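Novice: These protein sequence lines map, in sequence, to chains A and B.
Position 112, counted from 1, in the first sequence is what the working numbering calls 112; the numbers after and before it change by one each time, with no gaps.
Position 153, counted from 1, in the second sequence is what the working numbering calls 153; the numbers after and before it change by one each time, with no gaps.
Please keep in mind that the hints were generated in silico from the structure rather than gathered at the bench.
Mixed in with the good hints, there may be bad ones.
[Claimed, not checked] Have a look at the derived ranges for each label pair, beta carbon to beta carbon: (1) 22/B x 291/A: 32 to 42 Å; (2) 265/A x 243/B: 18 to 28 Å; (3) 72/B x 161/A: 26 to 36 Å; (4) 58/B x 156/A: 54 to 64 Å; (5) 229/B x 105/A: 51 to 61 Å; (6) 291/A x 11/B: 43 to 53 Å; (7) 288/A x 182/B: 41 to 51 Å; (8) 32/B x 139/A: 10 to 20 Å.
[Said to hold, decoys possible] The calculated SDA-like cross-link candidates involving lysine to any residue, where the alpha carbons are at most 20 Å apart (straight line), are: (9) 107/A x 18/B; (10) 50/B x 68/B; (11) 13/B x 108/A.
[As the list claims (entries may be wrong)] Over the 10 Å line for every Cβ pair with chain B, so calculated as not near, a few chain A residues: (12) 81; (13) 142; (14) 188; (15) 210; (16) 287.
Just so you know, these numbers come straight off a predicted model, no measurement behind them.
Positions of the beta carbon are idealized from the N, C-alpha and C atoms, including for glycine.
Here's the letter readout for the chains.
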Amino acid sequence: MIKKKTSCIKYTKWGYIFLIPFFLVYTVFSLIPLISTFYNSFFENYMSGLTQVGPNFVGLANYNGLFENTNLLKFTQNTLIMWLMGFIPQICVSLLLAAWFTNIRLKIRGKQFFKVIIYMPNLIMAAAFSMLFFAIFSDIGPINDLLMRLGILDEPFRFLSSVGGTRGLVALMNFLMWFGNTTILLMAGMMGIDVSLFEAAEVDGAKAFEIFRMITMPLLRPIFIYVLITSLIGGIQMFDVPQILTNGSGSPNNSSMTLIMYLNKHLYSKNYGMAGALSVILFICTAVLSLLIYFKFTKKEN
Amino acid sequence: MMEKERSGVAGLKIKRALIHIVLILLTIICLLPFYILLINSTRNHVDIQKGFSILPGKAFLKNFQNLMSNPNLPVLRGIFNSFIVASGSAVLTTYFSSLTAYAIHAYDFKGKKTIFTFILMIMMVPTQVSALGFVDLMRDMNLTNNFIPLIAPSIAAPVVFFFMKQYMESALPIEIVEAGRIDGAHEFRAFNTIVLPIMKPAIAVQAIFAFTSSWNNYFIPSLILDKKDMKTLPILIAQLRSADFLKFDMGQVYMMIAISIFPVMIVYFLVSKSIVQGVALGSVKG
Chain A
1 MIKKKTSCIK
11 YTKWGYIFLI
21 PFFLVYTVFS
31 LIPLISTFYN
41 SFFENYMSGL
51 TQVGPNFVGL
61 ANYNGLFENT
71 NLLKFTQNTL
81 IMWLMGFIPQ
91 ICVSLLLAAW
101 FTNIRLKIRG
111 KQFFKVIIYM
121 PNLIMAAAFS
131 MLFFAIFSDI
141 GPINDLLMRL
151 GILDEPFRFL
161 SSVGGTRGLV
171 ALMNFLMWFG
181 NTTILLMAGM
191 MGIDVSLFEA
201 AEVDGAKAFE
211 IFRMITMPLL
221 RPIFIYVLIT
231 SLIGGIQMFD
241 VPQILTNGSG
251 SPNNSSMTLI
261 MYLNKHLYSK
271 NYGMAGALSV
281 ILFICTAVLS
291 LLIYFKFTKK
301 EN
Chain B
1 MMEKERSGVA
11 GLKIKRALIH
21 IVLILLTIIC
31 LLPFYILLIN
41 STRNHVDIQK
51 GFSILPGKAF
61 LKNFQNLMSN
71 PNLPVLRGIF
81 NSFIVASGSA
91 VLTTYFSSLT
101 AYAIHAYDFK
111 GKKTIFTFIL
121 MIMMVPTQVS
131 ALGFVDLMRD
141 MNLTNNFIPL
151 IAPSIAAPVV
161 FFFMKQYMES
171 ALPIEIVEAG
181 RIDGAHEFRA
191 FNTIVLPIMK
201 PAIAVQAIFA
211 FTSSWNNYFI
221 PSLILDKKDM
231 KTLPILIAQL
241 RSADFLKFDM
251 GQVYMMIAIS
261 IFPVMIVYFL
271 VSKSIVQGVA
281 LGSVKG
């Protein structure tokens, strides 16, 4: 008995030892940078021409500066609009596809093939994908040529000069990159639903849409919320696609400038105070959203 | 009754046909940009300017040679750099995430639950929000234009950890570890010789995910690397985008994009089945 106890203690030590690399690396490369970002947000610290201003402690002045400037509001709007323009079609298409793929009676052919194809854009380099869209949607690019030959357009549509065109392209890319992923997640959720529920509903004479609305949707709620919030967190981080598409300018007229592009600008111009304050705001937004998921899921367990 | 059933069957047939049409349309939308990319990477600049084409041209090798000998874009070097960073990250993240998951899975110690919750909490913190402190610290440590800040952080990857933990719960019974102990295996050796082989399927899937996400990563590398010879592919793409476009050879542009995209795509199609399964497995169970 005693011997067993000592051996147990001996093993316990290894649990801690095996956690060392993770926490060591996390502390150096994530935790300290995070704390230093917070710290920087309270200091005035930027380059004015060639002269370095600061660092001087200024309290919350950087935050005030951010909120007083209308840019923050505008870039938040841009980010949310482009996220929604991609997310709404994404969730609709994914729900439909997941419902079709999990319905055995539809006997869809090549299910595996379609899943492989629709997930594929998710693994593509966003920077390269965006560059590709920039090339094929340019004024004399292949898409304009194709649309004109098909008689849909009379003259080239200048996608990157119009607000709707640029935002639409960003949304389209986000849609293409994420709808396969969402479909697979929703499918996993749908396949977890007890089949006998559907059968019982059918016996009671429920129509396909009623079954979807009354059984599938409520049972899918947790995974639906998970998809919604993770997508929103991903949306807040939107950077590569609009950055490359507009060459970092957020053109036309700053209408496709996202929050992280704004952060990137401050980082490049070495305006550390503003960059810090913006990072803290973004951190708080994602933390609140993450906590929502966390409580949603732990509450369910209880 | 019979009639109703028959019309039901006919309705199902029409529905099936419609669904297949929608699926084929979606497939076309997904593949069309990449088809244009493939075709245009084989055409020369003048042909590309003429517009869309279904058939490939003959300039594939020429475009490739032109791009490789372009003095402003060190593409070969970029491929090499991207490969080093991505494979380094893939190896470190799978090994150490398995180790971390094993610590939580196989041992009972004080504070285990708190540590597990902590790792779940930090899972959602985006790397961008600590980028300022990260770049600042790397500059102080003289690690700019170095691959260490791009590879080493992958040791602490909460998402990979979570996947490995889920996998261990279904595939690694604690009895196996105990049997190893009776045979006198040292704890660390037991992990390397008994646990890792069992984790192979999970490691393969996560290695591919880690490789591609590192290969595709643009934000942090662009802040760490600015020396010409150290740049990775996404940074070169951004550089290409900011170049004066009217003077640029579009054949080379398409070739550059193709080189960044197609290797990942080919690997994906070879192992797509386990990848698609891995996506569902890694998500939080609903």
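Novice: None of the hints should be skipped; say for each whether it holds.
Specialist: The hints, checked one at a time:
no.	hint	verdict
1	22/B x 291/A: 32 to 42 Å	holds (38 Å)
2	265/A x 243/B: 18 to 28 Å	holds (20 Å)
3	72/B x 161/A: 26 to 36 Å	holds (27 Å)
4	58/B x 156/A: 54 to 64 Å	violated (27 Å)
5	229/B x 105/A: 51 to 61 Å	holds (59 Å)
6	291/A x 11/B: 43 to 53 Å	holds (47 Å)
7	288/A x 182/B: 41 to 51 Å	holds (49 Å)
8	32/B x 139/A: 10 to 20 Å	holds (19 Å)
9	107/A x 18/B	holds (13 Å)
10	50/B x 68/B	violated (25 Å)
11	13/B x 108/A	holds (11 Å)
12	81	holds (20 Å)
13	142	violated (4 Å)
14	188	violated (4 Å)
15	210	holds (16 Å)
16	287	violated (7 Å)
When held up to the earlier numbered hints, the structure conflicts with 4, 10, 13, 14 and 16 and fits the remainder.
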